[in-house]
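Q: As given, the protein sequences belong to chains A and B, one line each in that order. If you're matching positions, the first sequence starts at 1 in my numbering and goes up one per residue. If you're matching positions, the second sequence starts at 1001 in my numbering and goes up one per residue.
Calculated directly from the structure, the hints in this document are not laboratory data. None of the values given here were measured: they were computed from a predicted structure. Virtual Cβ for every residue (Gly too), placed ideally from N, Cα, C. Among the clues, some could well be false.
As the list claims (entries may be wrong) - Straight-line alpha carbon distances no greater than 20 angstroms define the calculated DMTMM-like cross-link-like pairs of lysine to aspartate or glutamate that follow:
| hint | chain 1 | residue 1 | chain 2 | residue 2 |
| --- | --- | --- | --- | --- |
| 1 | A | 81 | B | 1064 |
| 2 | B | 1075 | A | 109 |
| 3 | B | 1075 | A | 42 |
| 4 | A | 2 | A | 116 |
What the hints assert, rightly or not - Using C-beta positions, here's what the derived DEER-type ranges look like:
| hint | chain 1 | residue 1 | chain 2 | residue 2 | range |
| --- | --- | --- | --- | --- | --- |
| 5 | A | 106 | B | 1103 | 45 to 55 angstroms |
| 6 | B | 1152 | A | 43 | 51 to 61 angstroms |
| 7 | A | 34 | B | 1054 | 51 to 61 angstroms |
| 8 | A | 13 | B | 1209 | 50 to 60 angstroms |
| 9 | B | 1054 | A | 13 | 40 to 50 angstroms |
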Amino acid sequence: MKIALTTSGNDLSAPLDSRFGRAPKFLIYDLEANTFEIVDNEQNLNAAQGAGIQSAQTVARLGVKALVTGHCGPKAFIVLKAANIKIYNTAAATVTEALEQYRSGKLTEAAYADVDGHWA
Amino acid sequence: MIVAIASGKGGTGKTTVSVNLARTLGTKVQLLDCDVEEPNAHLFLKGKKVKEEIVNIPIPQVDEALCNGCCECGKFCTYNAIVTFGTVPLIFPEMCHGCGGCTLICPTKAITEIGRRIGMVETMESGNITLIGGRLDVGVAMAPPLIREVKKCLQNNLPAILDAPPGTSCPVIAAIRDTDMVLLVTEPTPFGLNDLMLAVDMVRELKIPFGVIVNRMGCGDDRVHDFCKKENIPILLEIPDDRRIAESYSRGILMVDALPEYRSLFQSLILKVNEFEKTRSL
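Turn these sequences into a full structure, and let the hints guide you.
A: Structure, rendered in structure tokens:
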């Protein structure tokens, strides 16, 4: 199973980005193989509108089953739910920390968008 | 002739110039308030509303029985207003610009259009002035389609003054496109100059002839004038930094009515604009 985490860096020690729609990159982690790949989200960083929707489509196409991020807005939330992706909010500082929280079951699935659109 | 009044910076005096120019003209004129996010030209004119029309934009509606989940609509929509995962599309009405592309691209004709209200166009008669103003609904961010509806009310046989929104983004482009001349209102301050330079780039890109109006002359420095001289841009009008102008404005009274000595300023502006029109048609 693959999960997506939002980040500004290129490896597991990189900071976890608190934004989903406008996260610079996604780290896609394979929980069985313990490998990861980095997917660029640069085009959305400067999108005028629909960054959350576009980002949700991007991670859905990558076949992830869960998203671990800081915050998730309402439109992204609708798209992620439609794609059957579980959303977990965390205040973790790094990707490693967030991944650890996820693996140890410390995170609870978000039932609703935790911020309004354009919150940051 | 259609003259648009625009500016980079907000609050430089677009509406002041628009309404005073319309009043000074003295003949039948159409005044279009294209600042649909915060229309204010009506505050300076007494008259009665003669028409009120609701403006809708078309948004997609999917017939689930016909949708085969091909995703073509979602791939086509550049505004992310329609999203698909091989299932029935999700629609985000507030993102839709109403282009109709998804209805054309859908191979099974599953998408039809329904109206989504975005605002109103109101017409008011005030003496020689017919004021046509757009008013965007609260919470709607889609100004250009409403501005285009306001501009559809233009009658070719009458001169028109078009009060544009501030800035240099899509609503301004929608407002000033296809006008004959743009008057860029600025103030002699660093902010005024910075935003004037952006606005000049915009009108040059659109290839519309333009001139500059400096409002609140004397409140700042010479940099706006130096810039215009260097760039060979005509300064068509200078409005002094006179407290009484602000006072009459705050009471909703036109400068040319409250302070008749300023009428000649706008008369000279009309002459310059007409002169320009003549040289252009030669």
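Q: Each hint should be assessed against the structure and marked as holding or not.
A: Against the structure, the hints:
At roughly 19 angstroms between alpha-carbon atoms, residue 81 (chain A) and residue 1064 (chain B) fall within 20 angstroms of each other, so this suggested pair holds. Note on residue 1075 (chain B) and residue 109 (chain A): the hinted pairing is violated, with a Cα-Cα distance of about 29 angstroms set against a maximum of 20 angstroms. The suggested pairing of residue 1075 (chain B) with residue 42 (chain A) holds, with an alpha-carbon distance near 19 angstroms, which does not exceed 20 angstroms. Between residue 2 (chain A) and residue 116 (chain A) the alpha-carbon distance is near 27 angstroms, which puts this suggested pair outside the 20 angstroms criterion.
Against the hinted window of 45 to 55 angstroms, the Cβ-Cβ separation of residue 106 (chain A) and residue 1103 (chain B) comes to about 47 angstroms, which satisfies the hint. For residue 1152 (chain B) and residue 43 (chain A), the Cβ-Cβ distance of about 35 angstroms falls outside the hinted range of 51 to 61 angstroms, so the restraint is violated. At roughly 58 angstroms, the beta-carbon separation of residue 34 (chain A) and residue 1054 (chain B) lies within the given 51 to 61 angstroms, and the hint holds. Here the CB-CB span from residue 13 (chain A) to residue 1209 (chain B) is close to 58 angstroms, well matched to the stated 50 to 60 angstroms.
Remark: the range hint 40 to 50 angstroms for residue 1054 (chain B) to residue 13 (chain A) is contradicted by a beta-carbon distance near 56 angstroms.
Comparing the model with each earlier hint shows violations of hints 2, 4, 6, 9; every other hint is respected.
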